[in-house]
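Asks: What follows is each chain in one-letter form.
There are 4 protein chains.
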Amino acid sequence: MIRKSPMGWNSWDCYGPSVDEKTVRANAEVMADKLKSCGWEYVVVDIQWYQPSASSHDYDPFADLVMDEYGRLLPAENRFPSAAGGKGFAPLAEYVHSLGLKFGIHIMRGIPRQAVHRNTPVLGSDRTARQVAKTNSICAWNTDMYGVDPKKEGARAYYESIFRLYAEWGIDFIKCDDICRELPHEEEELLLLSDCVKNCGREMVLSLSPGPALLEKAQLYKQCANMWRITDDFWDRWDLLYAMFERCEKWSVHTGEGNYPDADMLPVGAILQNADPENRTRFTRDEQETMMMLWSIFRSPLMIGGDLTKLDDFTEKLLTNRQILAMHEDARHAHQVWRREINGRETVLWTALSARGGQYAAVFNLSDEESAVEIPISDLEPAKAPENLLDLWSGESRPQVEVISAKLPAHGAAAFLMT
Amino acid sequence: MIRKSPMGWNSWDCYGPSVDEKTVRANAEVMADKLKSCGWEYVVVDIQWYQPSASSHDYDPFADLVMDEYGRLLPAENRFPSAAGGKGFAPLAEYVHSLGLKFGIHIMRGIPRQAVHRNTPVLGSDRTARQVAKTNSICAWNTDMYGVDPKKEGARAYYESIFRLYAEWGIDFIKCDDICRELPHEEEELLLLSDCVKNCGREMVLSLSPGPALLEKAQLYKQCANMWRITDDFWDRWDLLYAMFERCEKWSVHTGEGNYPDADMLPVGAILQNADPENRTRFTRDEQETMMMLWSIFRSPLMIGGDLTKLDDFTEKLLTNRQILAMHEDARHAHQVWRREINGRETVLWTALSARGGQYAAVFNLSDEESAVEIPISDLEPAKAPENLLDLWSGESRPQVEVISAKLPAHGAAAFLMT
Amino acid sequence: MIRKSPMGWNSWDCYGPSVDEKTVRANAEVMADKLKSCGWEYVVVDIQWYQPSASSHDYDPFADLVMDEYGRLLPAENRFPSAAGGKGFAPLAEYVHSLGLKFGIHIMRGIPRQAVHRNTPVLGSDRTARQVAKTNSICAWNTDMYGVDPKKEGARAYYESIFRLYAEWGIDFIKCDDICRELPHEEEELLLLSDCVKNCGREMVLSLSPGPALLEKAQLYKQCANMWRITDDFWDRWDLLYAMFERCEKWSVHTGEGNYPDADMLPVGAILQNADPENRTRFTRDEQETMMMLWSIFRSPLMIGGDLTKLDDFTEKLLTNRQILAMHEDARHAHQVWRREINGRETVLWTALSARGGQYAAVFNLSDEESAVEIPISDLEPAKAPENLLDLWSGESRPQVEVISAKLPAHGAAAFLMT
Amino acid sequence: MIRKSPMGWNSWDCYGPSVDEKTVRANAEVMADKLKSCGWEYVVVDIQWYQPSASSHDYDPFADLVMDEYGRLLPAENRFPSAAGGKGFAPLAEYVHSLGLKFGIHIMRGIPRQAVHRNTPVLGSDRTARQVAKTNSICAWNTDMYGVDPKKEGARAYYESIFRLYAEWGIDFIKCDDICRELPHEEEELLLLSDCVKNCGREMVLSLSPGPALLEKAQLYKQCANMWRITDDFWDRWDLLYAMFERCEKWSVHTGEGNYPDADMLPVGAILQNADPENRTRFTRDEQETMMMLWSIFRSPLMIGGDLTKLDDFTEKLLTNRQILAMHEDARHAHQVWRREINGRETVLWTALSARGGQYAAVFNLSDEESAVEIPISDLEPAKAPENLLDLWSGESRPQVEVISAKLPAHGAAAFLMT
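Protein chains in written order, with the numbering used here: chain C, 209 to 627; chain R, 209 to 627; chain B, 209 to 627; chain U, 209 to 627.
Isolated chain C (complex conformation) (with noise of 0.2 Å):
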């Protein structure tokens, strides 16, 4: 059972599909050195490790893939050199391992075309790749992988031969793409798989691309994993953070212990999809504070995305913050209060239990203008009246209160504990 919201850093916000061990040992130091006494612990490698000749952001169609004689992707070993003689991610999860790390993987529904067009046997199996393919499944963004139809003989022993081969390498987190919004459509596949992961013979965590999950399928998501995109790829602009509260707010019931709505990776510090010179993420430090307090009330999945062996100070300092990082811990039955305009400033409140004791509440000012918030305690219908606040940023706390008093500035937010 993964019993708390996981933490971590993924290859793609800076990487894209051509991330390399290098850079994926330089990060899990970075970790381990500076984050992981913090919470943080997964080390992901994004899409396309397979792929030889991946060189950016973009993907090149119909490459050829790297895999092995029963249609199985291995890792490219001139980026992945440990890969080689036949030892896939073995090595570098070892490494992460004697980090006190745990490794993940990103996979896509499927099996690759390659192997389909090859034939190729599928391993435990009478079956070829042919005869389990889904003949009309196929991403609509990367052309590596057709479907694997549910209802064809062989189906179960594709994704056992690649989930087993995922346990013997040591793998701890599985991103499978191309799934989460693709329901009703391959609901089918998406109960296969997950079986499969779950009987693989190692604990992982199974993480489910892309958003937007579908809000009415969230008992199936809860089934089948443990975190789930809630929205489309996210990045640093403001729009998509605002949009965010929404997500959120629908979503908030279906966080359990297990199971985790996912507001996708944390775009700070050095990223590549921006146009600063310097790949500084375009968020000012008020929003990023924000993200931070929603994700962490929420219990969102916190993924970084970006680069840490250019880790500056600011975001050091936003990523390790132990007050904001137990509230992500702690936080229970979290809800949005309410969202109303206070002096023409678009507010919204959400509080939460904590399992600590306790209760949290985070106020939001997603206007563009400073704002001052005076909030009765009574929104927020206490068990008990609070004997102290405590400003989990500052640190401050403030005895006996009645109305929680906020100076918040322009797309900014505060949180607190009241005990």
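Hints are not guaranteed to be accurate.
Copies of the same chain are indistinguishable here, so a pair counts whether it falls within one copy or spans any two.
To be verified - Lysine-lysine pairs mimicking BS3-like chemistry, simulated, CA-CA at most 27 Å apart: (1) 244 / 230; (2) 406 / 242; (3) 458 / 212; (4) 295 / 592.
These aren't lab readings, by the way, just hints derived from the structure by calculation.
Got chain C sorted already, so can you dock chains R, B and U onto it with the hints?
Replies: Below, chains R, B and U without anything else, positioned relative to chain C:
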């Protein structure tokens, strides 16, 4: 501020539009005698108290109504004799207050068509009924009123004139009909009406009908009203009760102090709309308990629909279970945890924190067969492992449980307090 | 049987709800004098002839209306003096007939609200207005009437009572409003009303308003009425004329003897609803010719909207082009051939057979620039190669053409008869 | 220019994807012998002539296809022996031409997936199959092809390369599949493909499949193709024939020289997809005549689906009725006049002008019972009163009629020429 979700009795389910003063007094007396000590307090006269010839559950189209020279409706004296001499509902309200209870009335949005066609003056204004009526706004199911056009001069004066009159009478509760689901068309009229209630000089609960309310307008309801119907008229049919689980799930995050999404009246005991010769509810006892547990953990207002003068033992017991009613008062941050099949039985789990400490859990068997469920405490994510589990119906306690076990009859439920 | 698409004049575009008898007579006299010989024949009094205080293009909400003891509306005598003594429109109809023309009136679907609130008896029935009114059926833009509920006893008697009265008056044309687009809700009322018109003892054109009519109800309109509006109110704006091409395309297959989809009145000459100090139409001359050609090949009814007492030379010439009006009378099986870009100009081609032999073609330039078009005769699929091509506007003929060449001004058109 | 609506035979209904050369020759011979004199001329080989192992009505997913070094598909020599030596369909086309007939083939939109995965060069370009394929465009029901991305350099060269090859073979008719209903997504590919057909150096009919075509794209189809399917696959079931009346009604205005909306093949005689041991169509004889009359007055292409080598007497007579086929050739400006209940029988009336003079009428009984209809000639709005009425099936004439009388069997029809 209305600090708890209202509890009371409403005349509709047993008397339709034809309730009379004698009946209201008799029901109020039973409430004072048998229910008041458990928190029941509102006595509400439903629709068409101003219609002298009302006689059944049907409306008499275009009937002549009793009104004063300003187009304000007055109780029909043949049905409410104490209203004689222009006293309106003041004497009846006074009597209800003398029993330690509160008194409410039903109104229709708008101004009487009769006033418009007679072109009566609007009190406190130089305008007439024709000048404030909204020309194309009528109720789909009742011919009494035209809407009032908030853009017209005199519109506010009209609404002020009626709520001041109700304040003079001593009204504590307004159930305003033909408005809740009429958004966005009648949004401005709702805002005006709500503002006039707030400023009429007497605290009144404002309840909006009919449902289903529009989820996307949740913030507006919260701003304007204390309770709003999340469903069309609810009667003693399992399909309607079954459907309420989804409604409550969606609306749960919009409950808060002073704001109570309303699952409608409780069709218990002796009610009119059924085939039983004794007019007893068609709900089984298990279904009635299920209803009480769902309404209570969700904090829906509890308005009894049955005739209190015919209160039977089972119904009295149902309405006076102190543990359930404590959950109704104390539940906070309630939400559905999951809805899933367990051994083929559709099962729903809710939880809420208690304002007095501890955490509630309620589990519902929506299937047509008996069910034995085992729910790990961890599904509820309690702050700490509970030392005691109190069964709210049986009053029995179990120490240090890790799993909630319950045998649930078809359509039955169980509720617990973990401390 | 109404064997040709009606042609006439309607008071709305220049007088709104406030036309009076003197004006109607004056317009009828001009029609008789200058237009009758070209086929113009109907003189129609539009809405609210029963409202004494009508004075402009706005309605006076809830105004007191003139009606008889059976709730039947009568002409306001202050506006129509010849109606004095209970004569209704009989004297005015007689005068119009004496000019060799026909006389029509506008009515609203339903029964006066005033009759319902006064509860007048229904002639020829033991029922009252309250008993036949449809309780929740009102017009969205006028407060005069309630719908009549065809399921109620007395409903047919009411409609019979009004159409018999109109037959006694000598009415030849009924423009029934608030009904054409009110389907399927008011379908039964339309059927009842239509049946009462057919059986009232006098042949009357039945015209339905307002549009847009519902295409999926085409068969119903054909069964019930002679003409029905395929558009909301049409005024002198190019965007509305542009949009009519698509409407006509869709409705063309529903034209047939006695059934004429109606593109609405012709806002030509002096009309009210414009900014011009002389009240002249804002359409250019080319646009007016385009309108006449489209309406004619499509066989829309032609109802003049302009004030005939202010008829200018251009407008008179426009309305008396005998070749165009022959197309209006003789076109059969008309349909759009194509709509395409020619040299960047959006161009539309229509064709129709002529009941007198030969085939019509009309080509329209919908662009804002002049256009020279060359259309192969084969696009029109004539039965045989035409020997003569007659330009309907210029009257010029061209022999043995294989291509129709035309220079079309912006928003302009040309029409031809191939024989 | 294709001056008349195509008539011919297609291999699909009786042979699915597995037709062979011997069969095609045999069917062509019967056509030349028995049908050619009535206007039948196209012999069309349907899908997967390039798939060596095709054997039934199902597709073999991801099968190996025969193609040349430029990724262009070639006839499988085991099925089409004359294609040996790289001759393609040239010898077979030559044989069909020698019979005085024309030859057509089916193609799928796009480029073979096999070519993309093998990355074959595109003839006449420096690009490869991978570089012109549209990465996320596949057929929903067949695995042979990827779409071609018209924005990619080399895309036009690819389409030119295949149509030039077909021109060299002597192809007269292209049935392009997976394109007709794939709008707007594949609109640009359709435009490119159509342009390459027009410029390939040989006149070819371009037929688009599968349906239903999108009515709002009518102008695009007219611009690009000669015929396009207005329905999904049509088989010998009454519900499908019944539904065609509405389809034809909607599409009738889009018929014109060179443009023929296509109601699909005629499942007559011996066809595969039925339960009959002798493979005879399930349509009754009356239904088959109804189908022929509707297709003909509407001018749908007529493509025989049945096996001509098993042509029975009834079917031969059905396909050689010269009066009906004259209507197919001569009908102009066809449209449905009305669709209404007559004595409880749903009845449809169509009319069209004849290019040889006179006017057609066809009346259809869609009910399950015999029907006697009387239709006033005036419903058809003939140019002048007809002197003669010719019954197209019986060949009988009636003089000077004012009413068309017909006895129609269940699902039966009658057609007439008025002169």
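Asks: Run through the hints listed earlier and report the numbers of any the structure violates, in increasing order.
Replies: Hint check: 2 and 4 fail, others pass.
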